[in-house]
Amino acid sequence: GQSLEQPSEVTAVEGAIVQINCTYQTSGFYGLSWYQQHDGGAPTFLSYNALDGLEETGRFSSFLSRSDSYGYLLLQELQMKDSASYFCAVRDQGGKLIFGQGTELSVKP
Amino acid sequence: GAVVSQHPSWVICKSGTSVKIECRSLDFQATTMFWYRQFPKQSLMLMATSNEGSKATYEQGVEKDKFLINHASLTLSTLTVTSAHPEDSSFYICSARDRTSGGVRSYNEQFFGPGTRLTVL
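If you're matching them up, the sequences are chains A and B in order.
Per our numbering: the first sequence = residues -15 to 93.
Per our numbering: the second sequence = residues 152 to 272.
One thing to keep in mind: the hints can contain errors.
Partner residues aside, some chain A positions facing chain B, computed with beta carbon under 7 Å [stated by the list, open to error]: (1) A26; (2) P27; (3) F29; (4) G79; (5) F83; (6) Q85; (7) G86.
With a straight-line Cα cutoff of 25 Å, these simulated DSS-like cross-link-like pairs (lysine-lysine) come out [what the hints assert, rightly or not]: (8) A:K80 to B:K171; (9) A:K80 to B:K165; (10) B:K192 to A:K80; (11) B:K206 to B:K217; (12) B:K165 to B:K217; (13) B:K171 to B:K217; (14) A:K92 to B:K192; (15) B:K215 to B:K165; (16) A:K65 to B:K192; (17) B:K215 to A:K80; (18) B:K206 to B:K171; (19) A:K80 to B:K217; (20) B:K206 to B:K165; (21) A:K65 to A:K92.
Partner residues aside, some chain B positions facing chain A, computed with beta carbon under 8 Å [to be verified]: (22) L195; (23) L197; (24) R248; (25) E260; (26) Q261; (27) F263; (28) G264; (29) P265.
Since the hints were made in silico from the structure, they are not lab data.
Think of the CB as a built atom: it goes at the ideal place given N, C-alpha and C, for glycine as much as any other residue.
Just chain B, same shape as in the assembly (with noise of 0.2 Å):
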C-alpha cells in the first residue's frame, strides 16, 4: 500500500513548450500532496504544497505563474511547467500525506512518487 505514482516518468521537450507532470495517491486520499524539484547531486527542494480543493502555496523564489499546480481530487496533483527553459530541466517528485491522523499509516509519513525527469533542449 501507500503508493504514489507520477506520469510521464520523463520528458524530453523544446524550449517554450508546457509540461504538464501527473502525481496520483493510488490506494490512498491525500489532502495535501507536496512538489519537490531537485538537481543532480542535490537535495530536494520543496516548491508547493498543494491542498486539495484551494490554491497552492509556494515556496519563496518559486514563480507560481510558471509552475502552475492543480489539486482536483483526492487523488490527484498536476503540476505543468510553462514555456520551460533549458534551465529548468530537472527530477521533479512529488509526495503525498496520507488524510487519515491514525490506523496502519503514520500520519507523519510523506509517501514519495518516483520523479519524473525533464530535460529542456
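Bound conformation, chain A alone (with noise of 0.2 Å):
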C-alpha cells in the first residue's frame, strides 16, 4: 500500500518562511511532487523531486531525501495570497499520483 502523512495545518505570518514536510511509504517510488490549491479551484503544480537535494522555484522550494522517505516544501516571503491547501503526492511507474491528505496554510497579517 501507499501512504503519505502530512501536517494537517499550519498558520504562519506575512513575509515569514515556513516549511511543509511529507513522509511517505510506498511500494514503488518515482517521485515527489507538491501542488497548492486554493478553495473551490483546481490543483496546480508547484514542484517535482525524483532525486535527492533541494529543487528551487521563486519563493518556493521542494527537498527530496528518498533515504529517509522524507521530502518538504519551503515557503519564503509568504504572502496573503499563499493561503492555501499544500498536498504532497507520490508518483507511481504508471504516472499515478497519490496524493497526501493536504495541508492547510493560513497566512496571517
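Dock the two chains into a complex; use the hints.
See below:
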C-alpha cells in the first residue's frame, strides 16, 4: 500500500518562512510532487523531485531525501495569497499520483 | 499553454439521473487522463486512469459500472456518473499528461482541470 503523511494545518505570518513536511511509504517511488489548491479551485503544480536534494523555484523550494522517505516544501516571503491547501503526492511507475491528505496553510497579516 | 478544461463546472441533478462530465486538453495531446474525486476538506482520491483507445483502469473500490469512462480521442475523456445518488455529490477533477516526453513541457507533470462540482438532490 501507499501512504503519505503531512501536517493537517500550519499558520504563519506574512513575510515569514514555512516548511511543510511529507513522509511517505510506497511500494514504488518515482518522484515526489507538490501541488497548491485554493478553495474550490484546481490543484496547481508547484514542484517535482525525483532525486535527492533541493529544487528551487522562486519563493518555493522542495527537498527530497529518498533514504528517509521524506520531503518538504519551503515557502519563503509568505504572502496572503499563499493561504491554500498544499498536497504532496507520490508518483508511481505508471505516472499515477497518490496524494497526501493536504496541509491547510493560513497566512496572517 | 497546458490548459485542461472541464465541462460543466457545476451540475445539480436529481437522484437516479446520469451526469456526464467532459475533460479536454486544449493545447496538447494526452494519451493518459486521470479522474479524481475530492470531498470537502479532504484529499484528491484517484478514481481511474483513462487511456486513449483502451479501457480505463479503475482503482480499488471504484465501481466501473457506476463511473463510466470513455477516452475517445487524444484530447477528450468523459466521466459519466450513472444513477447518481446524494453520496456521489463531490468535486470531480480530471488531469491530463502531455504525451510528449521532451521539449518544453515536463513529462512528469499532470495538468489539472478546474473541476466539476456535482450535487445530487
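Going through the hints against the structure:
1. A26: holds, 4 Å
2. P27: holds, 5 Å
3. F29: At 5 Å from the nearest chain B Cβ, A:F29 passes the 7 Å test, so the hint holds.
4. G79: holds, 6 Å
5. F83: OK, holds: A:F83 within 7 Å of chain B, min 5 Å.
6. Q85: The hint holds - A:Q85 has a Cβ within 7 Å of chain B, the shortest such distance being about 5 Å.
7. G86: Because about 5 Å separates A:G86 from the closest Cβ in chain B, which is inside the 7 Å limit, the hint holds.
8. A:K80 to B:K171: holds, 23 Å
9. A:K80 to B:K165: violated, 32 Å
10. B:K192 to A:K80: Given that 25 Å is the threshold and the Cα spacing comes to 22 Å, the pair holds.
11. B:K206 to B:K217: holds, 15 Å
12. B:K165 to B:K217: holds, 16 Å
13. B:K171 to B:K217: Within the cut-off at roughly 12 Å; holds.
14. A:K92 to B:K192: holds, 20 Å
15. B:K215 to B:K165: holds, 21 Å
16. A:K65 to B:K192: Satisfied, since the Cα-Cα distance of roughly 19 Å is no more than 25 Å.
17. B:K215 to A:K80: holds, 18 Å
18. B:K206 to B:K171: holds, 17 Å
19. A:K80 to B:K217: holds, 21 Å
20. B:K206 to B:K165: violated, 28 Å
21. A:K65 to A:K92: Holds - the C-alpha atoms of A:K92 and A:K65 are around 10 Å apart, at most 25 Å.
22. L195: holds, 5 Å
23. L197: holds, 6 Å
24. R248: holds, 6 Å
25. E260: Nearest chain A Cβ about 5 Å off; hint holds.
26. Q261: holds, 6 Å
27. F263: Since the shortest Cβ distance to chain A is 4 Å, the answer is holds.
28. G264: holds, 6 Å
29. P265: holds, 5 Å
Taken one by one, the earlier hints fail for this structure at numbers 9, 20, listed in ascending order.
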